[in-house]
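**Q** Each chain, letter by letter, is given below.
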Amino acid sequence: MRNPLAYAARWVWVNLKSEVLVLPSRALVLAWVLAVLLLPLAWPDPYVLRIVTLTCLFAIFAASWDLLAGYAGQVSFGHALFFGAGAYTSALASLKLGLSPWVTVWLGVAFATAVGFVVGFLCLRLRGAYLSLATLAFPLIATGLLFAFPGFSGGELGVSGLRSVAPTRIGNYYVAAIAMLAAVFGLWKLADSKFGLVLHAIRDDEVAARASGINTPRYKLVVFAVSAAVAGMAGALFAHYIRVAGPSALEVALSFQVVIWGVFGGVATIYGPAAAVFILYPLTEWLGSFKAFGELRLLAFAVIVLAVLLFMPRGITPWVRDKIETKCPRCKQRNGAWRAQCRLCGAPLREVLASRAA
Amino acid sequence: MLQDILVTGLVNGGVYALLAIGFSLVFGVARIVNIAHTAFYMLAAYCFYTLLVTAKLNVLLAALIAIVAVTALAALCYRLVIEPVRSHDSAVLIATIALGLIFQELMLVAFGGNFLGIPSTIDGVASFFGVSIPYQRLLILVVAAAVLAATWFVLYRTRLGLAIRATANDLEVANLMGMNVNRVAMVAVALSVALAAVAGVVVAPVFVVDPLMWLAPLVTMLAIVVLGGLGSLKGSLIGALIIGYVEAITVFALPQGAFLKGAVALSIMVVVLLVRPEGLFGVAFEEER
Chain A
1 MRNPLAYAAR
11 WVWVNLKSEV
21 LVLPSRALVL
31 AWVLAVLLLP
41 LAWPDPYVLR
51 IVTLTCLFAI
61 FAASWDLLAG
71 YAGQVSFGHA
81 LFFGAGAYTS
91 ALASLKLGLS
101 PWVTVWLGVA
111 FATAVGFVVG
121 FLCLRLRGAY
131 LSLATLAFPL
141 IATGLLFAFP
151 GFSGGELGVS
161 GLRSVAPTRI
171 GNYYVAAIAM
181 LAAVFGLWKL
191 ADSKFGLVLH
201 AIRDDEVAAR
211 ASGINTPRYK
221 LVVFAVSAAV
231 AGMAGALFAH
241 YIRVAGPSAL
251 EVALSFQVVI
261 WGVFGGVATI
271 YGPAAAVFIL
281 YPLTEWLGSF
291 KAFGELRLLA
301 FAVIVLAVLL
311 FMPRGITPWV
321 RDKIETKCPR
331 CKQRNGAWRA
341 QCRLCGAPLR
351 EVLASRAA
Chain B
1001 MLQDILVTGL
1011 VNGGVYALLA
1021 IGFSLVFGVA
1031 RIVNIAHTAF
1041 YMLAAYCFYT
1051 LLVTAKLNVL
1061 LAALIAIVAV
1071 TALAALCYRL
1081 VIEPVRSHDS
1091 AVLIATIALG
1101 LIFQELMLVA
1111 FGGNFLGIPS
1121 TIDGVASFFG
1131 VSIPYQRLLI
1141 LVVAAAVLAA
1151 TWFVLYRTRL
1161 GLAIRATAND
1171 LEVANLMGMN
1181 VNRVAMVAVA
1191 LSVALAAVAG
1201 VVVAPVFVVD
1211 PLMWLAPLVT
1221 MLAIVVLGGL
1231 GSLKGSLIGA
1241 LIIGYVEAIT
1251 VFALPQGAFL
1261 KGAVALSIMV
1271 VVLLVRPEGL
1281 FGVAFEEER
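Chains as they are written, first to last, in my numbering: chain A, 1 to 358; chain B, 1001 to 1289.
Among these hints, one or two may not hold up.
[Said to hold, decoys possible] One-sided excerpt, in silico: chain B residues whose CB lies under 8 angstroms from chain A:
hint, residue
1, Phe1027
2, Val1033
3, Val1053
4, Leu1057
5, Asn1058
6, Val1059
7, Leu1061
8, Pro1084
9, Leu1101
10, Phe1259
I should point out that these hints are in silico values taken from the structure, not numbers from a laboratory.
We put the beta carbon where it would ideally sit given N, CA and C, even for glycine.
Produce the complete structure using the sequences and hints provided.
**A** Next comes the structure, spelled out in structure tokens:
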């Protein structure tokens, strides 16, 4: 190899061709990553950038919910607690201590992690609907405390006058976009690892998981902490982006919103909820921009979600994925829907489908 | 102050009991966490307002039509929206959240976000042992007690009630015994929403009617149901009284109490869950695999 550059280019191309472009879902993910990274160059409209920045932050939030609810089966109805914990900690630290947002965001993450640990500890013995409804209570308790001590928390108005993370609009966009890509891919990797496998086991049958020697309480605590940390990062970045940390970061509506994103996108996928945010958030903003639709925005949102769920009860990404890809009956690897033979083991794909239909 | 606490706690407890028992019933029979439950309560209040104030109907007639209409709407929603996705738990959950939001927004569009007041339907004050209760609040209490007694009668003294309880106990066996489980679930939904609608109609003259009035009771109701034990009707009743009184005591006895009432009530729920994860009277459901 005389030319390392050519070698690297060839390596990238070969991997791209044989690993990414063979599957339409992977190609879609690549296109989406490129679109997120190149958007400010192609379309530097302030309004669009603002919407996509917020979309990125909410995508982090939705992905963190999916790790907890989709993988570990701890369906949290109070995920806004972690978002709000990150937002308020970062906001108060940067205002009262005068630290840079680059530091306080991590303080927010740390505090959210601690909150996640405590909530996880309190919820260890709860399961199913009890857990969902008990977690719903925590952000409301926190809101009550914030309102009861307005001197510290700013009461209903919240903490305002925050500095933003980066000085320019495009800088802020890239902070959010890169944080989102890192968080979503990190969670995706984590969920695909042995850790994620254990979470699947805990969700499907906790007793059996424990019988197989898995320390389920420890795993549940860790997943609460990780999920809360990521949600807290979303909250802290959100607070610094809109420059206010208010009680709306703890609202029931936000907790429900993240559940809607998660289920709409398809649970236990990580990319599903993120995709759902990228579809639903800009869509609702766009609908809201019409004069006639302004008041009907939430209504349109709810009707769209309901209509889509009636046709795709497992969520939108599993539905799309099943349309564009087929699973090889022999080696269980995924293939593009147009292929007649499995790309890895050569097993015929079409005849099997035909015989199943017959 | 003591009599304020006594009266407010009892009246709110009665309203919460109506809501919580209905919610618990649907959860028990169909395993549906119906977030839209209190949205039906809000709809009933709006319906009552329209019939009474705009259409100037007789009070009793307006109340009756409101309750029947909302119940019918709930049965329709169950048929069209919930039943098609029954096998996907998370989809059912989102469907009920979406229904709640849709009703909220529809009312916002139709009536605006203003607080609407309903003139009191009966005036006057009753007094027992030196405690004075306006008739309007007494009415809430009487209606709640009567409706709860009627619900008890339906559930424990009729064939329909037997079917509902059997389905709640074991859905598959009930199905094997020849019950139409889907129809039982629909009846349970209708019964539970009828309870919520009664609550909405009786509180409308006391509280104000607005599109967001379903959120606060939703959270309290969920806390009560979890506190009492999901699916347990006795637990819901006792939980409702506990939370009703706790809220009343917090509001009247603590500084900043109005802000803290939800927090205190929910903290009590969390503490109970820490000690007894299945709630006070919860039947520990066998793990559904």
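**Q** Would you mind marking each hint as holding or not holding in the structure?
**A** Tested hints:
At about 7 angstroms, the closest approach between the beta carbon of phenylalanine 1027/B and any beta carbon in chain A falls short of 8 angstroms, and the interface hint on this residue holds. Given the 8 angstroms rule on beta carbons, the hint for valine 1033/B holds: about 5 angstroms separates it from the nearest Cβ of chain A. The criterion of a C-beta within 8 angstroms of any C-beta in chain A is not met by valine 1053/B, whose closest approach is roughly 23 angstroms, and the hint is violated. Residue-level restraint check for leucine 1057/B is violated (minimum Cβ-Cβ distance to chain A is 28 angstroms; threshold 8 angstroms).
At about 33 angstroms, the closest approach between the beta carbon of asparagine 1058/B and any beta carbon in chain A exceeds 8 angstroms, and the interface hint on this residue is violated. The beta carbon of valine 1059/B comes no nearer than 31 angstroms to any beta carbon in chain A, farther than 8 angstroms, and the hint placing it at the interface is violated. The beta carbon of leucine 1061/B comes no nearer than 31 angstroms to any beta carbon in chain A, farther than 8 angstroms, and the hint placing it at the interface is violated. At a threshold of 8 angstroms, the smallest CB-CB gap from proline 1084/B to chain A is about 6 angstroms, leaving the interface hint in force.
About 4 angstroms separates the beta-carbon of leucine 1101/B from the nearest beta-carbon of chain A, less than 8 angstroms, and the hint is met. At a threshold of 8 angstroms, the smallest CB-CB gap from phenylalanine 1259/B to chain A is about 4 angstroms, leaving the interface hint in force.
When each numbered hint is compared with the structure, violations occur for hints 3, 4, 5, 6 and 7.
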